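Next come the chains, spelled out residue by residue.
Number of protein chains: 2
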Amino acid sequence: MTQTSKNIAIIGSGLVGSLLAIFLRKKGHSVTVFDRRPDIRTIEFSGRSINLAMSNRGWKSLRKVGLEESIREIAIPMDKRAMHVYDKPVYYQNYGKDGEAIWSISRGILNRRMIDLAEEAGTQFRFNEKVWDVDLPEAKIYTGETVKSAWKEYQFDLIFGCDGAFSRVRHKMQRRSRFDYSQNFIDVGYKELTIPPNPDGSHKLGKNSFHIWPRGKFMLIALPNIDGSFTCTLFLPFEGDISFDRIKTEEDAKAFFETYFPNVRKEIENLTQDFFKNPTSAMVTMKCYPWTYWNKVALVGDSAHAIVPFYGQGMNAGFEDIYQLDELMGQYGDDWERIFVEYQKIRKPNADAIAELSYRNFMEMSSKTADTMFLLQKKIEKHFAAKHPDKWIPVYSRVTFSDRPYAEALAIGDEQEKIMQEVMKLPDIESNWDSKEVEKTILRLLDNKKAT
Amino acid sequence: MTQTSKNIAIIGSGLVGSLLAIFLRKKGHSVTVFDRRPDIRTIEFSGRSINLAMSNRGWKSLRKVGLEESIREIAIPMDKRAMHVYDKPVYYQNYGKDGEAIWSISRGILNRRMIDLAEEAGTQFRFNEKVWDVDLPEAKIYTGETVKSAWKEYQFDLIFGCDGAFSRVRHKMQRRSRFDYSQNFIDVGYKELTIPPNPDGSHKLGKNSFHIWPRGKFMLIALPNIDGSFTCTLFLPFEGDISFDRIKTEEDAKAFFETYFPNVRKEIENLTQDFFKNPTSAMVTMKCYPWTYWNKVALVGDSAHAIVPFYGQGMNAGFEDIYQLDELMGQYGDDWERIFVEYQKIRKPNADAIAELSYRNFMEMSSKTADTMFLLQKKIEKHFAAKHPDKWIPVYSRVTFSDRPYAEALAIGDEQEKIMQEVMKLPDIESNWDSKEVEKTILRLLDNKKAT
Numbered sequence: 001m002t003q004t005s006k007n008i009a010i011i012g013s014g015l016v017g018s019l020l021a022i023f024l025r026k027k028g029h030s031v032t033v034f035d036r037r038p039d040i041r042t043i044e045f046s047g048r049s050i051n052l053a054m055s056n057r058g059w060k061s062l063r064k065v066g067l068e069e070s071i072r073e074i075a076i077p078m079d080k081r082a083m084h085v086y087d088k089p090v091y092y093q094n095y096g097k098d099g100e101a102i103w104s105i106s107r108g109i110l111n112r113r114m115i116d117l118a119e120e121a122g123t124q125f126r127f128n129e130k131v132w133d134v135d136l137p138e139a140k141i142y143t144g145e146t147v148k149s150a151w152k153e154y155q156f157d158l159i160f161g162c163d164g165a166f167s168r169v170r171h172k173m174q175r176r177s178r179f180d181y182s183q184n185f186i187d188v189g190y191k192e193l194t195i196p197p198n199p200d201g202s203h204k205l206g207k208n209s210f211h212i213w214p215r216g217k218f219m220l221i222a223l224p225n226i227d228g229s230f231t232c233t234l235f236l237p238f239e240g241d242i243s244f245d246r247i248k249t250e251e252d253a254k255a256f257f258e259t260y261f262p263n264v265r266k267e268i269e270n271l272t273q274d275f276f277k278n279p280t281s282a283m284v285t286m287k288c289y290p291w292t293y294w295n296k297v298a299l300v301g302d303s304a305h306a307i308v309p310f311y312g313q314g315m316n317a318g319f320e321d322i323y324q325l326d327e328l329m330g331q332y333g334d335d336w337e338r339i340f341v342e343y344q345k346i347r348k349p350n351a352d353a354i355a356e357l358s359y360r361n362f363m364e365m366s367s368k369t370a371d372t373m374f375l376l377q378k379k380i381e382k383h384f385a386a387k388h389p390d391k392w393i394p395v396y397s398r399v400t401f402s403d404r405p406y407a408e409a410l411a412i413g414d415e416q417e418k419i420m421q422e423v424m425k426l427p428d429i430e431s432n433w434d435s436k437e438v439e440k441t442i443l444r445l446l447d448n449k450k451a452t
Numbered sequence: 001m002t003q004t005s006k007n008i009a010i011i012g013s014g015l016v017g018s019l020l021a022i023f024l025r026k027k028g029h030s031v032t033v034f035d036r037r038p039d040i041r042t043i044e045f046s047g048r049s050i051n052l053a054m055s056n057r058g059w060k061s062l063r064k065v066g067l068e069e070s071i072r073e074i075a076i077p078m079d080k081r082a083m084h085v086y087d088k089p090v091y092y093q094n095y096g097k098d099g100e101a102i103w104s105i106s107r108g109i110l111n112r113r114m115i116d117l118a119e120e121a122g123t124q125f126r127f128n129e130k131v132w133d134v135d136l137p138e139a140k141i142y143t144g145e146t147v148k149s150a151w152k153e154y155q156f157d158l159i160f161g162c163d164g165a166f167s168r169v170r171h172k173m174q175r176r177s178r179f180d181y182s183q184n185f186i187d188v189g190y191k192e193l194t195i196p197p198n199p200d201g202s203h204k205l206g207k208n209s210f211h212i213w214p215r216g217k218f219m220l221i222a223l224p225n226i227d228g229s230f231t232c233t234l235f236l237p238f239e240g241d242i243s244f245d246r247i248k249t250e251e252d253a254k255a256f257f258e259t260y261f262p263n264v265r266k267e268i269e270n271l272t273q274d275f276f277k278n279p280t281s282a283m284v285t286m287k288c289y290p291w292t293y294w295n296k297v298a299l300v301g302d303s304a305h306a307i308v309p310f311y312g313q314g315m316n317a318g319f320e321d322i323y324q325l326d327e328l329m330g331q332y333g334d335d336w337e338r339i340f341v342e343y344q345k346i347r348k349p350n351a352d353a354i355a356e357l358s359y360r361n362f363m364e365m366s367s368k369t370a371d372t373m374f375l376l377q378k379k380i381e382k383h384f385a386a387k388h389p390d391k392w393i394p395v396y397s398r399v400t401f402s403d404r405p406y407a408e409a410l411a412i413g414d415e416q417e418k419i420m421q422e423v424m425k426l427p428d429i430e431s432n433w434d435s436k437e438v439e440k441t442i443l444r445l446l447d448n449k450k451a452t
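These protein sequences, in sequence, are chains A and B. FYI, UniProt numbering numbers position 305 of the first sequence as 305, with every residue one higher than the one before it. FYI, UniProt numbering numbers position 4 of the second sequence as 4, with every residue one higher than the one before it.
The shape of chain A in the complex, shown without the other chains:
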């Protein structure tokens, strides 16, 4: 169904804002993107970014507007984890079946490319223009220098809030009655660090791996960039025995890396400089509802559902929001009220599911990686899945390599977990874990589930 051309404002020029602009331009709408920050193409990156891992849902959305190829150019496939366990040789875990990979992309580089593409598609960008207020029923926005300065008023037909976890648009919706909202921070922070390329421009570590140095309550990860460097992220508790709180001097930082990450210490050349130049950032799970206001305003991406980054799905979920919106625009044409109602109804349970899965991954990493029974359980699941790939698709694969709803992945994962709890109670499971009996038990439990 075609749509009548509307005058649309998007607040936020991040990844979701600029991709949404491209989709809306394809439908023939007039699109203006506001951002309180300067044009990211004209400034240095923030030093507070975790590299993105684009997976199936992200690519699917890009494909829908013909951008897949253009973005592959700035992405590096990672088909496995490289596990740098303390005092052991590196070992590898494939992410999926042959050829399945997630793709490392620098957030800054991707954002610049997306803005270029949106601009080419006819989007108007207004950088350095902060939105102070939104009139929801009238779809008006008010921008200005400060809260007290003279404000400029803009009238639109529709407004999309793509302004992230601390969205101004949502903030306005939140002051209304019957708006559910929550923000919950985890007690772990993160910091960006860099491994520069070799002098010849090549990568210092295997470039097709997602590198992980798991250390229980904290960990380091490294994702490759196309310039030969790696963007590393140190996840570490804010407070406590081993924490950001305890690293106050260059000596502290060096000692911390010598002790826990000796095999990578020398790669991070500007370690102490990065450490004290780059900010320590917090991570939040943000949920809200409703996501839309009548046929006037809708939240898309992090502004509607910010999640912790431990499943690598934040951007993918935001891009999938846009894919869904686009489907509904095709279905319902000018009935924006219907589009918005269906959009939030379809997406909300999926956003909640990926929030839950991401949080669980954080909990697993911080409390279960040292639990031998947990590791044994994962080993049994993997063993069984390899033998019966049709009967046991791991949750990770459902989330990362399929486009089935996140909520379905969560529900099936919970079923699998129940089965595994039964399996773990089997006598001598530690020695029998790869036996025929265990395999039969799982098959029987799977059949039972199907029967109910």
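These are calculated hints, taken from the structure and not from any lab test. Treat the hints with care, as some may be off.
[Claimed, not checked] In silico DSSO-like pairs for lysine-lysine, Cα to Cα no more than 30 Å straight-line:
#, chain 1, residue 1, chain 2, residue 2
1, B, 277, B, 248
2, A, 425, B, 450
3, A, 248, B, 345
4, A, 425, B, 449
5, B, 217, A, 345
6, B, 207, B, 277
7, B, 418, A, 418
8, B, 296, A, 248
9, B, 425, A, 450
10, B, 348, A, 368
11, B, 152, A, 148
[What the hints assert, rightly or not] Partial list, derived from the structure: chain B residues whose beta carbon lies under 7 Å from chain A:
#, residue
12, 177
13, 178
14, 180
15, 181
16, 182
17, 183
18, 184
19, 185
20, 282
All values derive from a computational prediction rather than experimental measurement. Even for Gly, the Cβ is constructed at its ideal location relative to N, Cα and C.
Fit chain B to the known structure of chain A by using the hints.
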């Protein structure tokens, strides 16, 4: 320990704000209370109020500053529920043991009295003065006509946010990183209605009862006032078959009352007038953390922990916050950082517990009152508690008539629930519910708990 006199601002002149002012004046502090609304002593009440049920925790706090007697004058004891079940004669349920009662007080009348008392104690009130911004580290507040008008700056030593569920002070704290926050609305709204007194000034219903007309998904309650009237509250879903949404005309409202509340229809003389004059209000559970900012700012009462009203503990919990603060002021003198840290550490789990208990009461009322097994369980508990008052104190009594922590009441209640789930599995429990065997089973299960 004595305290050095501080210059203190309280935002909000409600019940918690005015009681806190009285406590702080007793300690010799200089106190200014700001409120964006006019002086409640000079205006009509809002018509959106549920009568208060003051119970033990509220009285205990008032007693500590010598106000108990003065407030008893405007309160009416209710020692029982009067249950107006559809098509049956009224029956009664005592709240506790002999002499235990909760006390009905009009929120408006109590608030006026508290402001009088705070003023007599030397508090300065600044009504009609809206706080637009708070500088947390500097303890400065900014007030003014509008967001754009010239603001007035005030410098204080300490600021208390007693500005309710939609607190401006908390709102400022919420914009900081690592501040946990949630607001969740229930899908039931409420509306204030009035049963006026008889022509001779007497009450139309028994005045020492909390009157309830339970109707499954909705209900009406009536609490006595000292002028002979009753303040009624209709709790009803916002949307659905029987809902506020479906009552659009005077005829709708009359028909609704004729159908579901025939025995009280004629008492609510101005029913349709009240119905369409008074607003329909929403109910929210609001949680946040931290509650304090260094040694400068603290949230007290609803601004820190708004709860749904189904346990009658909102004001009581807020008054208990103040009691706790006062204890800590006595203990730690001028160490306000310590006072604030301990205050939030002690109160937060208890605020979460009463939020949970209040929400569960709502769920019970709306989904379990028609469940015969649930009613049987309640009957067994009551029967057992009457025989063994030392072994089984109902959660309601712990919350309402004791001053033990809310969190303890919740934990013990959960233990009791586990025991009852075992009991309800006994064969023929429907016919054996008052047998020796059931009694012995409960005693045994209680002993088991103690042993673990």
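Checked hints:
no.: 1; hint: B:277 / B:248; verdict: 12 Å, holds
no.: 2; hint: A:425 / B:450; verdict: 28 Å, holds
no.: 3; hint: A:248 / B:345; verdict: 27 Å, holds
no.: 4; hint: A:425 / B:449; verdict: 26 Å, holds
no.: 5; hint: B:217 / A:345; verdict: 24 Å, holds
no.: 6; hint: B:207 / B:277; verdict: 26 Å, holds
no.: 7; hint: B:418 / A:418; verdict: 22 Å, holds
no.: 8; hint: B:296 / A:248; verdict: 26 Å, holds
no.: 9; hint: B:425 / A:450; verdict: 28 Å, holds
no.: 10; hint: B:348 / A:368; verdict: 28 Å, holds
no.: 11; hint: B:152 / A:148; verdict: 13 Å, holds
no.: 12; hint: 177; verdict: 5 Å, holds
no.: 13; hint: 178; verdict: 5 Å, holds
no.: 14; hint: 180; verdict: 5 Å, holds
no.: 15; hint: 181; verdict: 5 Å, holds
no.: 16; hint: 182; verdict: 3 Å, holds
no.: 17; hint: 183; verdict: 5 Å, holds
no.: 18; hint: 184; verdict: 5 Å, holds
no.: 19; hint: 185; verdict: 5 Å, holds
no.: 20; hint: 282; verdict: 5 Å, holds
When each numbered hint is compared with the structure, no violation occurs for any of them.
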